[in-house]
Amino acid sequence: MGGGHGSSVDRLHLAGDTIIHRLAPHVKIVATFAFVISVAISPRQRVEVFAVAFACVLTLIMVARIPLRVWLARCAVILPFMTMAVLVPFVGGGEQTEVLGVSLSTDGLWAAFNIAAKALIGASASIVLAATTPVTGLLEGFARLRVPRVLISIVAFMIRYLDLLVAQLGRMRTAMVARAHDPRWLWQAKPIASSAGALFVRSYERGERVHQAMLARGYTGVMPDLVEQSRPRSDWWAAIVVPAPVVAVLVLGLL
Amino acid sequence: MSCAPLSVDGLCFTYPGEHHRALDGFGLQVAAGERVAVLGPNGSGKTTFVMHLNGLHQLQQGAITIGDLEMCDDNLAEIRRRVGAVFQDADDQLFMPSVRADVAFGPANLGVPKAERDAIVERALTQVGAMDLIDRTPHHLSGGEKRRVAIATVLAMDPHMLVLDEPTSGLDPFGRRELADLLVSLPQTQLVVTHDLPFALQICPRSVVVSGGRVVADGPTAEVLADTALLEENRLELPYGFDPSRV
Amino acid sequence: MAAPPAVPGEGIDDMFDSPAIVAMHAPDGFLEPGVAVVTAVIAVVVTAIGLRRATDELGDRQVPLAGLAAAFIFAAQMFNFPVAAGTTGHLLGGALAAILLGPWVGSLIVTVVVVVQAVLFADGGLTALGYNTINMSIVTAFGGWAAFRLLRRVMPANSAGVVGATALAAGISVVLSSAAFSIEWLFGASAPVAFDTVFGAMVGVHALIGIGEGLISALVIAAVLAARPDLVAGAADLDLADLSRPARVGTRTFVIGAFLSSIVVAAVVSQFAVDNPDGLEKVAEDEGFISSARDHALDSSIFADYATSGVDNATVSLAVAGVAGVLITLAVGYGLLGASRLGRRTQGA
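Protein chains in written order, with the numbering used here: chain A, 1 to 255; chain B, 1001 to 1247; chain C, 2001 to 2349.
It cannot be assumed that every hint is accurate.
Unchecked claim - Okay, the calculated bits of chain C under chain A, using three or more residues with CB under 8 Å as the criterion:
#: 1; stretch: 2030-2042
#: 2; stretch: 2058-2066
#: 3; stretch: 2071-2078
#: 4; stretch: 2109-2122
#: 5; stretch: 2180-2192
No wet-lab data here; the hints were simulated from the structure. Beta carbons: idealized from backbone N, C-alpha and C, even for Gly.
So here's chain A without its partners, still in its complex pose (with noise of 0.2 Å):
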């Protein structure tokens, strides 16, 4: 579960104008998925694939100026997944090796990096794709890759109104904790929890609301089409260029 991000949202692009910042969405969109996809049917044991690719996600971050701190501390939402990769060579059956006096499973060991590898270059790339796009921008690109216009439209609601939300949940709690309730165990989850049922009420009448404002500013049903201005110069070369690198070495291995 991601932390941090209770904030805003909007916190997630930094604003820049690298070569990777000017792309079209829906380019990166795709660049990102090819990507990923071949780093993530790459078998394990390929290990000059995974070379390969972290060596271009670390390319995307200085060419995008992603400061290597903020990708470090992103990339902490992977970080339960590689505690448990760290456990399973201790626990892991099959054939056993023996590293620094210690027994651990072959088998194990593969499948440790294996989810090492694959969960910090799939973040990365997630990272990457998130800091250079503003979210309107994603929203946008991911209706011309065809996403239903419903779909995204949802979700535009969503990120509007989260900040709210999240913001009177907070005030809350703030409240109750300013009456000295401050819970350490589940049963005294009575208040907070009744406090979120209060919240969903206000949520879907609000709304109510937004609809009745939609629909007095003529919405007929349908969301209308407000695309910005659309990119006449093709950047799909960069689709074909950032998964190129792991491709090629996946391919070239197979030969």
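Using the hints, position chains B and C against chain A.
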């Protein structure tokens, strides 16, 4: 930009599942270009009335005419264009990812093509003095900024009438004054539902008092505010030290 | 527009950070590509149908209502609910969403949350979206709804019945989610940890997590029923008279009872986990789903064949192994919590 007269006759309304009438013979005539304050205690039917003006409630009994258009299902789209409603909570009205998109939402629904739409958006934002906010996200704006952008979203539809529900709530004194200047500069017919009596006196020459779902008083604002018995009856009170006759 | 800190010195990030005890958002490559593809196809189909159903049920209100509901689930998921001694857990919300909005719309909005978390926050791999969506959204919403409907039949037809059914159904939904993951692990494991170990540990610990999910969901439903009962799809069959007596949830009793129940569940399930999965694995082998090379037993660990060495009575040792699995996973989980807490504090930079 134009303005239209409003005619409301014998409006009655009961919310589904309830028994008492939220509107009970509500009648009001407003001349084109007039600015009228709508005063009254909570629960008197003011917000229900505002909803009716945008066709957001089924017309149960009575008639509403805006300009030459009578309120009915066929005219709903045009009525919603002619009446620009600014609701109490600006967050309910700013639901798009950017200010630009929010202001463009109305015209886009009306089928206005992109180039013309961009011009309309800029004009509306300039009118409310919020052009610098055009690329901002709504949830980062201050209360006053949100209020102005909400008004812009409505102005973009070229309305003949504006209905504002508690427009000064949440505004600091400076924001209030900016809003007053803005509303006075707009030519549309305006109905301002408000608890803010000095604000009503400042910008609305005429006031009506609503109570129990109908209009119980109608006259020049200064006179209405001087009628202490009327105010007391309707849970209205002037701010401490405020003397309407000395304004 | 930052919210005020909960206590002086504690920022909003602290109120909302901290991962689930067992992280549910699997990263890329956690399961083999075959499983990733199949689950992705299923997820897309179910989501597409859900979108159609949302249009049918909500009409032109679907965008604002589903959007706000999804925002609510997202916000509720982020919030730390106390579990024990200051440690916190999270709401998954799938069953809750289903009981509030029906299973199709409920799973749709949780899917939206899961996808956004993966794309924007790298919380869950992009290639793992298939199984993450199934486990966290589809199984919890539909499984929770099914359990809820069954329980409603045996519970009284009033508020208390709805709340009670919610508590149990939400708890069950979490267990079902972990079972789904275990089955996916059976077909697409990327590490030599046997299915029965995964199944036993996951189901065991999720039975405990289910207590929190059940209690929180029940309390939320109780609050919604008190204010706007028409917003609870699961109570649509009840009229005002049935709902007039508000349900009172005895939280302490519930937690203690549920805790004991889940210990029993862990002990009992671990019995079956030994017998049947070998059959499942054999079937999978026969059908060519998994290669025999992946049939790994934990010969070297003291939990070999899920029996604790040194304990003679088979049943007791199985139960001990199961419960120990639960406790160890809990300890690992709390350890992870500590490690990840450090990570969380620096995130969002």
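Against the structure, the hints come out as follows:
A count of 3 residues in the stretch 2030-2042 of chain C with a Cβ less than 8 Å from any Cβ of chain A is obtained; the coverage claim is therefore met, three being the minimum. Note: the stretch 2058-2066 of chain C has 8 residues with beta-carbon separation from chain A under 8 Å; the three-residue rule is met and the coverage holds. Under the rule that three or more residues need a Cβ within less than 8 Å of chain A, the assignment of the stretch 2071-2078 of chain C holds, with 7 such residues. Using a Cβ-Cβ cut-off of 8 Å, 11 residues of the stretch 2109-2122 of chain C lie near chain A, which meets the minimum of three, so the contact claim holds.
With 3 residues having a beta carbon nearer than 8 Å to a beta carbon of chain A, the stretch 2180-2192 of chain C meets the requirement of three or more and the stated coverage holds.
Consistency note: the structure conflicts with none of the earlier hints.
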